[in-house]
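Chains as they are written, first to last, in my numbering: chain A, 1 to 344; chain B, 1 to 344; chain C, 1 to 344; chain D, 1 to 344.
For the record, the hints were derived by calculation from the structure and aren't laboratory data.
Please note that a few of the clues may not be correct.
If several chains are the same, the list does not tell them apart, and a pair holds so long as it fits within one copy or across any two.
Only pairs whose alpha carbons sit at most 27 Å apart, straight line, appear in this in silico DSSO-like list of lysine-lysine [claimed, not checked]:
{"id": "1", "residue 1": "K137", "residue 2": "K178"}
{"id": "2", "residue 1": "K79", "residue 2": "K143"}
{"id": "3", "residue 1": "K171", "residue 2": "K137"}
Listed below, chain by chain, are the residues.
4 protein chains.
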Amino acid sequence: MSDKERQFQSNIRTDLAIEAKEMIAPQQEKDIPGVESSSYEEEGVSIDHISITTPQAERAMNKTMGNYVNIEAPGLREKNTDLQDEVSNIVARELQKIAKFDDNTELLVVGLGNWNVTPDAIGPKVVEDLVITRHLKRLVPEKLGPGFRSMAGVAPGVMGITGVETGEIIKGIVEQVKPNMILAIDALAARNLERLNTTVQIADNGIHPGSGVGNKRMGITEDSMGVPVVAMGIPTVLDATTLVSNTMELVNNNAQNQPQSPQNNPSRGVDPSQINTGQGGLGKPNKQVINQALSPFSGEGQTLMVTPKEVDRFVDDISEVLAGGINVAVHPRVAEESAGKYLQ
Amino acid sequence: MSDKERQFQSNIRTDLAIEAKEMIAPQQEKDIPGVESSSYEEEGVSIDHISITTPQAERAMNKTMGNYVNIEAPGLREKNTDLQDEVSNIVARELQKIAKFDDNTELLVVGLGNWNVTPDAIGPKVVEDLVITRHLKRLVPEKLGPGFRSMAGVAPGVMGITGVETGEIIKGIVEQVKPNMILAIDALAARNLERLNTTVQIADNGIHPGSGVGNKRMGITEDSMGVPVVAMGIPTVLDATTLVSNTMELVNNNAQNQPQSPQNNPSRGVDPSQINTGQGGLGKPNKQVINQALSPFSGEGQTLMVTPKEVDRFVDDISEVLAGGINVAVHPRVAEESAGKYLQ
Amino acid sequence: MSDKERQFQSNIRTDLAIEAKEMIAPQQEKDIPGVESSSYEEEGVSIDHISITTPQAERAMNKTMGNYVNIEAPGLREKNTDLQDEVSNIVARELQKIAKFDDNTELLVVGLGNWNVTPDAIGPKVVEDLVITRHLKRLVPEKLGPGFRSMAGVAPGVMGITGVETGEIIKGIVEQVKPNMILAIDALAARNLERLNTTVQIADNGIHPGSGVGNKRMGITEDSMGVPVVAMGIPTVLDATTLVSNTMELVNNNAQNQPQSPQNNPSRGVDPSQINTGQGGLGKPNKQVINQALSPFSGEGQTLMVTPKEVDRFVDDISEVLAGGINVAVHPRVAEESAGKYLQ
Amino acid sequence: MSDKERQFQSNIRTDLAIEAKEMIAPQQEKDIPGVESSSYEEEGVSIDHISITTPQAERAMNKTMGNYVNIEAPGLREKNTDLQDEVSNIVARELQKIAKFDDNTELLVVGLGNWNVTPDAIGPKVVEDLVITRHLKRLVPEKLGPGFRSMAGVAPGVMGITGVETGEIIKGIVEQVKPNMILAIDALAARNLERLNTTVQIADNGIHPGSGVGNKRMGITEDSMGVPVVAMGIPTVLDATTLVSNTMELVNNNAQNQPQSPQNNPSRGVDPSQINTGQGGLGKPNKQVINQALSPFSGEGQTLMVTPKEVDRFVDDISEVLAGGINVAVHPRVAEESAGKYLQ
């Protein structure tokens, strides 16, 4: 990758491994060393597995080594309960492949994010819809019946609300609750508008500083927590800088009268090598200039987020899909019945 | 204004009269025929009065004829209770100048917007913080005591929630409640990031279709409602198209190595006449191209909104400031005490 | 009924026709003139039909003439999604028998109650979970597809919030929206603890002043609204006076060393004729004395409500059951799929 | 105290020390060994200090040894912002006397209770209104300015939501955050209706199992947490059993034709020695019988709570009063300005 490409990419923020991969190899014609991937479709849902297996690939992708699953269902943007059920079941299946819940599981689900900010509230909302059982298993197991495993759930808030780094709160709770696995749910930033509220990413390597809609300064990983951390994330916002960069690329490309190929569509991966920096075009979008334009807010460490106006409905719908999937994956008794019924 | 300028402006959306004026006459050196304005500062708060007095000016400004007050306090973005009190009192004073509440006033406050979407929830939030008295004045006036006038308040929701055009709901309520004045509160779209959550616009000509964060298809005006409608609005979002256009102008200007004058700063008024469309630059931002880039959402009639991440705190704070100002303006008894105490 | 019986009953408040009947004829051995009833069970759910057919019966029952359906599922207090689905479907069926929705239906659902008070929030919560279609049928019918009928929904708030009598707000909306049927949802007061959050009453005669958790001063009936009004209510509270009266009866009965028959159990119907007012017992519970004890609140026109501490979960669950039932009854397309999937 | 008296008291639940004292010594004519108290009035607000100094007194009072302050302002039930400010300042002063905040203070405020249940939501609501500073003092102290001390705040939820004993969650957070003092806010149960939402209790001995609206199984005390725990509580509910017992006493007393003395008024302390258990009266309220009447809920470990219908407004108002008082007590900078302005 040339310096030019790197500079371009630094304008773009994405928490999705699949988008990091698209930005390096948009046309999928070339392999990225250290990155393995496979992809298939299932009734309107795309499922991609991406493994980042070397430190070199980690640097190139700007994503931590580990295994990522990307589940994408564009139809979720329309109210469609059949599709919601289907995605719920796919989430359950893919989560179970990674987390391998069994009767010894003591799961702690952590709903990250700020419940007062709609696009950041997915984590807390998912936790509210879970079938929480840890206390019942300990205190009145006979009342719970078979087929339910131990699940606890907390929504620790964000630093602006609590005055405490979120990772510290979780660390403290983990040391008391002593789960043998953590599932952390978070709202993410994506590069592509199409992926907002239609995509679920599950990863086996936890939550890393700087990811998500809110600012995290401490990771939530097996290293920091002492038990495996599965991460589940849903993009709900674009960073404003990303939106502007995306659009300027497209404008630039058009200015050069290039026929627009699918790879140039900024709502999918854009091939930075296609960007002509020469005469007649805008050249590379300049991060400094973009940031200057956004400075009334970014100057205070505040950032701008871009969301569809229907964000509240999207967030409600996807939260139910995720909670349904988790309930099915964790509790065999729920799985026997339809997942849909537990969407709440 | 040339066609070129007009095309540029069509990319930009603002619900603020002051921004419409800045776009036409950014340097304030030239008068706009049919537009009268005055401006002064008061302890860190700018207060502008703008009157649009002719149909020609209405077309040029793309704002309905009438009187607008713009109250702008950049410091509101920081938590500052003294400033909040000051702005509350200025809002009360300017509102009273326009609305002229007296003991015969029967006010209906209408909180427009969707309570489930944080930046669109200002209207409903303001209504929740009002000192509502209509029922007490009618049923138990002795309990209310002197110094309170009749105020009712409703939050009618948005069409996506109710299935009914909001204007129809309000019209029906007005015909039953028979107020002699309506005060409609709405969240607005601005052009300039700096104005989000720091600016209050009060106007004497109601709410017009297409304004505000949500989609309105029917105006809420004296014509449609039969009684005077005062509008109070607060910008909480930028349209994504506006953000991109703003930024591209700045980038374009920089690409031409023009020293950046204050008037070029896209976070204030940009002078479109300064935009060189010639060699080396990007030319005019092209609305079609921008919209294409944003199409995954705009294609469905959905639009993207841009907000700071701290939108929830901003919205809470400004709602209290507005409710405090309204309570002081309407109820002499509240005015006797400090407005601040009624911020809730 | 003797004067003694009447005085006793005046302490008791219930919005349920089935409880009014139990209080008059607890042992079901005697007919009440002008009241027809039938009852059957269906997999753990009791379904009672009660018709009040004469003015005399109306006075005796203290319930307006009309047809009432009472659906009671004690198991709803436990989280049980199968039972929730079943009750949803029974609600759909019984609602359809009364409302006879067809392709000409233009339904307006009104969610009564105060969204800020958990046990009074059922109406607004149900409306939030409905498949609202009126605007789509009018504006983009091709997008909606077949199998959906016209449903609008509003939550008008309560007088303490709006300053306006709720019936006036609804009347105004009805005159604009012009539905041909209203379905009004309300939280009710019951006499029997067991019925809280486990019972649904559907009636074909609207909502009458004084019923429900909140205070209504104007009815919502075909007379006042001009179109048929179907009422759906769920008891979520006991009045404090009712709780005390219930308990004192039981204590009194015990004080007389009567073996307690099932009919004496105050958590079901108590036979007032069994109450010995003579020596050794407490005599009739005295409403005046009870009210005096509760006076710190009732003196101000405020009343005390009794709820289980888990009221939030119960209210969420039953709201989804009702919304699911309404969606199935109104929209054939939803009925084709399982009701459960539309529980939200 | 006779056995009879003890049995009577076992029906009554109160979390307030002042009510425990009233039940033992209603007429205040007799001293209770090991209990010291003083009382004064200040512009419509009663302030009582009660110290329980011996294990014998602890058992007699059924309240843990320690110092309690009771601040009671009946006028709070009416909207009265002057009185709210006054109570806020008294809370600040009394809290400071007990907590002795200084520049070395590292305070963690814990908002106990279930945010989904209105009368149990006071703790979480107070935390939302606090001026949280811990993160700013650590990361950007220059931005905060002088006059602010370190305050963090969490709302850990309740066991039914999280699956974890609340005390464990707090313990874990304390071990990470390492405060040198905890202030725990909780909603309480009172005996007397008049005290609901009008009374604040501050104590220097933490939160004990079984107190509060929710069920706590583990104390939050200096013993369990390792740092001093100040408790601040506000009664928002009566237990249903308490309500029934209160009322039956009054009825019983009246049945004996005793002229009602102030001490017999069950909305203040009732003198149990006055209860005639003999002929003609009801005798002692029998807890077993009362509980049987309430069994549909209490049988499942669920309990009934009694609240005024206006509970949402009362809870909002009192939360702001408490948050205002805490902000003033902790932050000298806030104290310099009026407390009222920080009520939010």
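Each hint tested on the structure:
| no. | hint | result |
| --- | --- | --- |
| 1 | K137 to K178 | within (15 Å within a copy, 31 Å between copies) |
| 2 | K79 to K143 | between (36 Å within a copy, 12 Å between copies) |
| 3 | K171 to K137 | both (23 Å within a copy, 21 Å between copies) |
In summary, the structure agrees with every hint in the numbered list given earlier.
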